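Novice: Since chain A is already given, all that's left is putting chain B on it; use the hints.
2 protein chains.
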Amino acid sequence: MIVVRTVAELRAALSPRRDGTIGLVPTMGALHEGHATLLRAARAADDTVVMSIFVNPTQFNEQADLAAYPRTEAADLDLAEAEGVDVVFAPDAAEVYPRAFATTVTVSGPIAETLEGAERGRGHFDGVATVVTKLLLASLPDHAYFGAKDAQQVAVIRRFVADLGIPVKVVVCPTSRDADGLARSSRNTRLSPHERSQALAIPRALDAVRDAAAGGLSGTGALQARAVAELEAAGIHPEYVAFVDPETFAPVAAVEGPVLVAIAARVGTTRLIDNTVIGGA
Amino acid sequence: MIVVRTVAELRAALSPRRDGTIGLVPTMGALHEGHATLLRAARAADDTVVMSIFVNPTQFNEQADLAAYPRTEAADLDLAEAEGVDVVFAPDAAEVYPRAFATTVTVSGPIAETLEGAERGRGHFDGVATVVTKLLLASLPDHAYFGAKDAQQVAVIRRFVADLGIPVKVVVCPTSRDADGLARSSRNTRLSPHERSQALAIPRALDAVRDAAAGGLSGTGALQARAVAELEAAGIHPEYVAFVDPETFAPVAAVEGPVLVAIAARVGTTRLIDNTVIGGA
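These protein sequence lines are chains A and B, in that order.
Going by the numbering used here, the final residue of the first sequence carries number 282, and the count climbs one at a time with no gaps.
Going by the numbering used here, the final residue of the second sequence carries number 282, and the count climbs one at a time with no gaps.
So that you can see chain A by itself, here it is in the shape it has in the complex:
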């Protein structure tokens, strides 16, 4: 495994490997089993696996969240090596955003402006779209792997990849969960034991919605009430419990096809998100 810090080094490392396929797993480091799942999917499908580590400042709306974001490069490199990564691209901010940098990739509409786009500020998905465009163009992979936990990020990425015609296939892997059901997240390490047990109300709320929908309840207002009740019972006041079209993020009133159920909530000071799709084929 080699570790490179610049786009020029990355391109030089990948140039002799373009006879085979290349898979990219973009990360912000602080790797956990969820990232390992993405790396294994890439390792199984692609001849060369590239993993990027970059805590992208432009997608954080809160400086405190950026500052507190865990940085664990040595452990990340060990995990990457154990998962068979070939090339790690770990640039610093000056490599990604040199002086005079002035370009933004923006996705408009509910897909980028509601839910996470509203809660985290308009700049969040601009930051995501711009940095992911750069990572994709730096590595020009055949496949890029993302986790379903960040459902809205995935929808935004699919949108601008299609719109700009970036020549890559976006592969979405199912949300990786701990044995207790909590969606894996780098932020989970910040939860106290009490907060962690509170946080389990989030996957329980999604289960409750899934069960109610499977039982025939189709109005999203009633389904939302089930989820909120489950959360409130654990002392969690959600930022949102949303029922939207998985592609456009337009709100959905009744389950008559695939509907994304997305939850965001703070547990203590830690902001968690999770989601599931109901009403699928």
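Where hints are given, some of them may not hold.
One copy or two, it doesn't matter: identical chains are merged, so the pair holds either way.
Derived SDA-like pairs: lysine to any residue, alpha-carbon spacing no greater than 25 Å straight-line [stated by the list, open to error]:
#  : residue 1 : residue 2
1  : K170      : A103
2  : K170      : G236
3  : K170      : R100
4  : K150      : A103
5  : K170      : P99
6  : K170      : A9
7  : K170      : R19
8  : K170      : A101
9  : K150      : A101
10 : K170      : F102
These aren't lab readings, by the way, just hints derived from the structure by calculation.
As the structure is a prediction and not an experimental result, all values here were calculated from the model.
Specialist: Just chain B now, with coordinates in the frame of chain A:
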């Protein structure tokens, strides 16, 4: 020469040609000798020459200008064939901007917001940056050729190509001029004989600035007055006569290095632009 209408066809046509270099000449059609100069530069340098023809609606701020923009595809294809073009990519608007399209590439700062960005509206360079990104990613050329006449467009393109890391070398060819000195433009066909003779004051104004600067005049205020006098004497009231840094488009007060002198003016109802660089090494 083959003509393709979709990105899929373009990629299929280029795929077997990637052993050699590919040069892209993006155009809005209505080809003239200026475009031919770009095609010859590409033909001399690249194994495969691709020319695109697309009158991009998103970069026009005036519907009347878009509607009046000359469309001469049959003649354009003849010229392309005569210049040895291998592949013409001539998509329609639905291919470039399908339903649900929601992505914009934006360059911020004086480079995109002043002069043409101010006169033609904020959306102009967003439209240029987004469509050129798409054309570059559809063809992934080694070289892309642009004319120096559109100096600010060139600066914007250089900026987002560098910022996003689009793997292409931007090649800028000198402004092509008719024997009388007028910069070649598809819009020149709209000039009446009288307007055409008026319009010659634009290159004369640039010459006057160049001569005065060569003679030792370095204050851009005084240089601007020379240009304006030349224009006003021909009955032309310019939209701007600007002296800016050729890369950042920040205004420059004195000529102490390369300075871009840019003029925009309406002659009759036709808007013309021209420029030169003074104070070069």
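Novice: Evaluate each hint against the coordinates.
Specialist: Each hint, compared with the structure:
no.	hint	verdict
1	K170 with A103	between (27 Å within a copy, 19 Å between copies)
2	K170 with G236	neither (41 Å within a copy, 57 Å between copies)
3	K170 with R100	between (31 Å within a copy, 20 Å between copies)
4	K150 with A103	between (30 Å within a copy, 23 Å between copies)
5	K170 with P99	between (28 Å within a copy, 19 Å between copies)
6	K170 with A9	both (23 Å within a copy, 14 Å between copies)
7	K170 with R19	both (16 Å within a copy, 20 Å between copies)
8	K170 with A101	between (31 Å within a copy, 19 Å between copies)
9	K150 with A101	between (34 Å within a copy, 24 Å between copies)
10	K170 with F102	between (27 Å within a copy, 18 Å between copies)
Hint compliance for this structure: hint 2 is the single one not met.
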